[in-house]
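Please model the entire structure based on the sequences and the hints provided.
Residue numbers (the numbering used here), protein chains in the order written: chain A, 4 to 297; chain B, 10 to 527.
Be a bit skeptical, because a hint or two may be false.
Restraint-style ranges between C-beta atoms, simulated for each label pair [as the list claims (entries may be wrong)]:
hint, chain 1, residue 1, chain 2, residue 2, range
1, A, A74, B, D252, 36 to 42 angstroms
2, A, T23, B, F280, 25 to 31 angstroms
3, A, V88, B, F24, 32 to 38 angstroms
4, B, F24, A, E190, 43 to 49 angstroms
5, A, L85, B, I328, 31 to 37 angstroms
6, B, I328, A, T23, 20 to 26 angstroms
7, B, G175, A, A152, 41 to 47 angstroms
8, A, I194, B, A29, 28 to 34 angstroms
9, B, D251, A, A74, 44 to 50 angstroms
10, B, Q123, A, W81, 41 to 47 angstroms
11, B, A235, A, V88, 48 to 54 angstroms
The list that follows gives simulated cross-link-like pairs (lysine-lysine, DSS-like), each with its CA atoms no further than 30 angstroms apart [stated by the list, open to error]:
hint, chain 1, residue 1, chain 2, residue 2
12, B, K113, B, K379
13, A, K193, B, K27
14, B, K493, A, K158
15, B, K493, B, K327
16, B, K379, A, K284
17, B, K27, A, K158
18, B, K414, B, K327
No lab work stands behind these hints, which were simulated from the structure alone.
Quick caveat, the model's predicted, so the values are computed rather than measured.
A virtual CB, placed ideally from N, CA and C, is assigned to each residue, including glycine.
Each chain, written out:
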Amino acid sequence: MSSTTTVAPRRRMSAGRWFTELGWRHVVGVVFVIYAVFPIVYIISASLSEGGTLTGSNDLFSSISGSNYAALGDTRFWSWALNSVQIAVVTSIGTVLMGAAAAYAFSRFRFTGRRVGLTTLLIVQMFPQMLAFVAIFLLLISFGQVVPALGLNSKIALICVYLGGALGVNTFLMYGFFNTVPRELDEAAKIDGATHSQTYWTIILRLVTPILAVVALLSIIATFGEFVIARVLLQSEGNWTLAVGLYSWVSSLLEANWGLFAAGAVISTIPILALFLFLQKYIVGGLTAGSVKG
Amino acid sequence: MRPDESPARRFGPGFLVKLALMAVVNAFGVYVIISAWTAESWVILGAMAVMLVVADWVYFSRRTVPLKYIFPGLVFLLVFQIFTIAYTGWVAFTNYGDGHNSTKEQAIEALLVQNERRVERAPSVPLTVVEDGDELGFAVVREDGTVEVGSADEPLESVEATVAGGQVTDVDGWTVLDRNDVLARQGEITDLRVPVSDDPNDGSIRTQDARTGYASTSTLVYDEAADTMTDTTTGTVYTPNDDGEFEAADGSTLSVGWRVFVGLDNFTLAFSDSRYAGPFLQVVLWTFAFAIASVATTFLLGLFLASVFNDPRLRGRKIYRTLLILPYAIPGFVAPLLWSGLLNRSFGFVNQVLLNGASIPWLTDPWLAKLSLIGVNLWLGFPYMFLICTGALQSLPTDVMEAAKIDGATRLRTWREITLPLLLVSTTPLLISSFAFNFNNFALVYMLTGGGPRFDDASVPLGHTDILITMVYSVAGLDGNAPKNFGLASALSIVIFVIIATISAIAFKKTRSLEEIN
Numbered sequence: 004m005s006s007t008t009t010v011a012p013r014r015r016m017s018a019g020r021w022f023t024e025l026g027w028r029h030v031v032g033v034v035f036v037i038y039a040v041f042p043i044v045y046i047i048s049a050s051l052s053e054g055g056t057l058t059g060s061n062d063l064f065s066s067i068s069g070s071n072y073a074a075l076g077d078t079r080f081w082s083w084a085l086n087s088v089q090i091a092v093v094t095s096i097g098t099v100l101m102g103a104a105a106a107y108a109f110s111r112f113r114f115t116g117r118r119v120g121l122t123t124l125l126i127v128q129m130f131p132q133m134l135a136f137v138a139i140f141l142l143l144i145s146f147g148q149v150v151p152a153l154g155l156n157s158k159i160a161l162i163c164v165y166l167g168g169a170l171g172v173n174t175f176l177m178y179g180f181f182n183t184v185p186r187e188l189d190e191a192a193k194i195d196g197a198t199h200s201q202t203y204w205t206i207i208l209r210l211v212t213p214i215l216a217v218v219a220l221l222s223i224i225a226t227f228g229e230f231v232i233a234r235v236l237l238q239s240e241g242n243w244t245l246a247v248g249l250y251s252w253v254s255s256l257l258e259a260n261w262g263l264f265a266a267g268a269v270i271s272t273i274p275i276l277a278l279f280l281f282l283q284k285y286i287v288g289g290l291t292a293g294s295v296k297g
Numbered sequence: 010m011r012p013d014e015s016p017a018r019r020f021g022p023g024f025l026v027k028l029a030l031m032a033v034v035n036a037f038g039v040y041v042i043i044s045a046w047t048a049e050s051w052v053i054l055g056a057m058a059v060m061l062v063v064a065d066w067v068y069f070s071r072r073t074v075p076l077k078y079i080f081p082g083l084v085f086l087l088v089f090q091i092f093t094i095a096y097t098g099w100v101a102f103t104n105y106g107d108g109h110n111s112t113k114e115q116a117i118e119a120l121l122v123q124n125e126r127r128v129e130r131a132p133s134v135p136l137t138v139v140e141d142g143d144e145l146g147f148a149v150v151r152e153d154g155t156v157e158v159g160s161a162d163e164p165l166e167s168v169e170a171t172v173a174g175g176q177v178t179d180v181d182g183w184t185v186l187d188r189n190d191v192l193a194r195q196g197e198i199t200d201l202r203v204p205v206s207d208d209p210n211d212g213s214i215r216t217q218d219a220r221t222g223y224a225s226t227s228t229l230v231y232d233e234a235a236d237t238m239t240d241t242t243t244g245t246v247y248t249p250n251d252d253g254e255f256e257a258a259d260g261s262t263l264s265v266g267w268r269v270f271v272g273l274d275n276f277t278l279a280f281s282d283s284r285y286a287g288p289f290l291q292v293v294l295w296t297f298a299f300a301i302a303s304v305a306t307t308f309l310l311g312l313f314l315a316s317v318f319n320d321p322r323l324r325g326r327k328i329y330r331t332l333l334i335l336p337y338a339i340p341g342f343v344a345p346l347l348w349s350g351l352l353n354r355s356f357g358f359v360n361q362v363l364l365n366g367a368s369i370p371w372l373t374d375p376w377l378a379k380l381s382l383i384g385v386n387l388w389l390g391f392p393y394m395f396l397i398c399t400g401a402l403q404s405l406p407t408d409v410m411e412a413a414k415i416d417g418a419t420r421l422r423t424w425r426e427i428t429l430p431l432l433l434v435s436t437t438p439l440l441i442s443s444f445a446f447n448f449n450n451f452a453l454v455y456m457l458t459g460g461g462p463r464f465d466d467a468s469v470p471l472g473h474t475d476i477l478i479t480m481v482y483s484v485a486g487l488d489g490n491a492p493k494n495f496g497l498a499s500a501l502s503i504v505i506f507v508i509i510a511t512i513s514a515i516a517f518k519k520t521r522s523l524e525e526i527n
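As C-alpha cells, then:
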C-alpha cells in the first residue's frame, strides 16, 4: 500500500470527521494497550524494586536495583529453570519426531484403519490429557514399583506423559502441511530407487521444515507453561519446573517472596515472549486456519 | 509392494541404525519384564510383552510400512492418554483411596504388621545387626545354636555363621555393623522388623538395644479358611464386608481396607449425598457460568477491538496489535500469580494505588472472587479472541458488503445482519473449543483463588470458586488437605468427560471437520 493514497484523503478530512472516523480508534487503542501492558510493566518494576515486598512494589520504578535477580541465585530457581528447559526441549523433539512420522504415514500411505485412525485422533484431541490426572498419578505409582525411573517424581516420566499428547494435538496440523507437498516428488524418488525411509528422511522432512519448526516451538511454549500434571507428578523441590516452583513462592508467604517471584516471572517470560513474537505470523495463521477454511 | 523396497533387505547404514535402536528397545523391554516379574506386576508384564512383540513385528516385517511411522506415537498415545481415560473409568467404580489403597492380601498383611505387640514372657534372643549394601538385617542365635538372618523384605533363614560369646561375629553374605554404625543408625534399627516367615501370622523379630531381639506377634489373627480376623485380646471376630473392610458384629471396622467395586456409589455420592450434593451442584453451576462468561467477555472485547483496528487507514495498527497480544504471549502460570498479587486485599496495587487504600476483598469474598476470576480471564483471553476475530474479519467477502452498501443498508444494519452472522460461522468452532478450555481452566482458578473462599460447610474441601476440575483435584487429596478419594475424584472426571464429549459432538456437527478427512 503506498503512503500517498492513504494519507491524501486524511488531509482533506476535517478534524471532527477525522476523529469520528479514525481518531476514536486511537483513543480505544491507547486505553486497551494500557490495560494489556500495565500488569507487565508492573511486574518489571516489582522485579527491580529494592525491598522485594508486595507493598514496596506499588511505587512503580521508585528504586531500580538488581537485588531480586541476584537473590534468585540463593534459591532453587535456576535448577527449576533448567528442569523446565530440559523437559520442554526433549518433549518438543519427541513431539516433532513422532508427529511428523505419523503425519507422513497418514498423508502418503493408504492402509486399512487410516480413516478410523484419523477420526480417532480427531476425537482424542478433544479430551485434554490433564482431565485424567488422577489416573496418570495412579499409573505412575504402579510404574514406579517396576521401573523407578518411570515412577512419580521423575522428569523422564513427566516427559513420557507429555509425549502421550503428542499425536493428538499436532498430527492434524502437520497432516495438512504434508498434503501440500506434491506427491510427484515421492514418486520420482521411488522411481530413482529410494526406499520409503529415504524418501521420508531426505526429501519430505526437508520440504516440511517450516511446520516442524512451528510445531517444535508451539510444543515448547505449551510444555513450559503446563502446570497441573507437573504439580501432581513432581514431588521433590529439586525436580520442580518453573510453573510449580513460582506457584510455591506465591502461595506461601506472598508478601515476602514477591520480589523473588517478580524477578523469576520476568526471566521465565522473556524466552517465551521472544518465541511468541517471532512466531506471531504462524501462530495467528494456525489459529485462524481452522476457522476460516469454512 | 516389491520386496526390494524394504530397507530390511538392504544392509545399509539405515538398517544398522534400525537394528541398534531395536536392540535398545528390546533390552529395555526385557528389563521391564524382569522387573515386573520380581515386583509381581502382572498387568505391566503382560502389556510390555505384547508391546515388545508388536514392536519387533512392526519393524522387521515388510508388510507394515505405515505402522513403522505411526507406532512410536501410538504407543505413547495408548499408554498415557487412552489407557488413562479407561483407567479413570475403572477407578470411578471402586473405592480406591485412603484406607482402600491395595488388594485384600496386602491389606491383611498391613493389618497384621500394624497390630504387632511384643510376646509376653517370650525369651529374648541374642541379636546382631548386619548389613548387605545399604539394607539392614538381623542375625539371631537360636536356642539350639543355629544362626538365622533376615531383613525387612526377606524372612529369617538359617545361615553359616561364626558365634563368639553368644554374639554373631561373622555371617555369610552380610557384614556385621560395628558399634559406631549402630549408634549412627539407631532410629533405623529400632524401626526394623524382620518377619519370622512368609506368613504374617507368625510375627517378627524386633530390637530395642541392638543386642537382644524379642519376638512380636500380631494381636490380630487371620483365619484363611473362614476368611475372618480375630482380635486375640478382646476375642472380637471381624468378617469382610462389601465395602472392602473387616467389620465386627457391632459395626466397628479395622483401619486398613482394600479396593472393591462399589458400583455407582461414587456417582450417587456426588449427586445425592447430603455432604456432597449441595457443593457439587454449586460447583457445576459455577463451572458452566465461568466458562460461558469467559467465552462471552473475551469474545466481545476481542471482536470489538478487532473491528476497531480493522480500518486500513488507521496508522500504527501493527504496533497496537503487537502490544495487545502481549498478555497471551506470557507463560500461562505467570499471569494468574501476577494478578493474585495485584488483587491482594491488604497490599495489592489495585486496592492500594488505584482505589486509594481501600480494602476490598477481591479474592476472598464469594462474589468478588468470581468476578475477579472472570476479570483476570478477560485480560488473559481477549488477545486470543482479538487474533481470531481479526483473521475472520479480514477474510470476509467484500462483495456482500458492497452489495449491502449499494442497497442502502446502514452501517449498523450491515454489521448486524451480514458481518456478525458470517463471523460467527467461521469462529463458532473456536468458541466451542475455548469453552471447553475454560471449562477446565485449572491453572487460573487454582493459582488465583485456590477455589476459595471455602464453603461454610467444612466437611468437604471445596470453595465458592472451585470448578469441576479443581474439585477433582481437591477430592483426590493430592495436595494433602483432604483424605485421598481417588474413586470419587475419578467419578467426577467421568462427569467432565461426558460434558466435554457432548460439547465436542455439537462442535463436530457444526464444523463438519470429519468431511475434511479424505
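To see whether the hints hold, each was checked on the structure:
1. Look at A74 of chain A against D252 of chain B: about 52 angstroms separates their beta carbons, and that is not inside 36 to 42 angstroms.
2. Checked against the hint of 25 to 31 angstroms, the C-beta distance between T23 of chain A and F280 of chain B comes to roughly 56 angstroms, which is inconsistent with it.
3. Restraint check, V88 of chain A to F24 of chain B: a C-beta distance of roughly 35 angstroms satisfies the suggested window 32 to 38 angstroms.
4. About 24 angstroms separates the C-beta atoms of F24 of chain B and E190 of chain A, a value inconsistent with the hinted range of 43 to 49 angstroms.
5. In this structure the hint that L85 of chain A and I328 of chain B lie 31 to 37 angstroms apart at CB holds, the actual value being about 35 angstroms.
6. Separation of I328 of chain B from T23 of chain A is about 22 angstroms and conforms to the stated range, judged on CB atoms against 20 to 26 angstroms.
7. Under the hint 41 to 47 angstroms, the C-beta atoms of G175 of chain B and A152 of chain A, about 45 angstroms apart, fit the expected range.
8. As the Cβ distance of I194 of chain A to A29 of chain B is approximately 30 angstroms, the hint placing it in 28 to 34 angstroms holds.
9. Range check, D251 of chain B to A74 of chain A: Cβ separation about 57 angstroms, and the 44 to 50 angstroms hint is violated.
10. Separation of Q123 of chain B from W81 of chain A is about 43 angstroms and conforms to the stated range, judged on CB atoms against 41 to 47 angstroms.
11. Checked against the given bound of 48 to 54 angstroms, the beta carbons of A235 of chain B and V88 of chain A, roughly 60 angstroms apart, lie outside it.
12. For a cut-off of 30 angstroms, the pair hint linking K113 of chain B to K379 of chain B is broken: about 45 angstroms separates their Cα positions.
13. Pair hint K193 of chain A plus K27 of chain B holds up; C-alpha atoms about 21 angstroms apart against a cutoff of 30 angstroms.
14. A distance of roughly 24 angstroms separates the Cα atoms of K493 of chain B and K158 of chain A; the hinted pair therefore holds under the 30 angstroms criterion.
15. Between the alpha carbons of K493 of chain B and K327 of chain B the distance comes to roughly 51 angstroms, so the proposed pair goes past 30 angstroms and is violated.
16. At most 30 angstroms may separate the alpha-carbon atoms for a hinted pair to count; K379 of chain B and K284 of chain A exceed this at roughly 34 angstroms.
17. The straight-line distance between the Cα atoms of K27 of chain B and K158 of chain A is roughly 27 angstroms, inside the 30 angstroms bound, and the hint therefore holds.
18. Between K414 of chain B and K327 of chain B the CA atoms are separated by roughly 28 angstroms; this keeps the pair inside 30 angstroms, and the hint holds.
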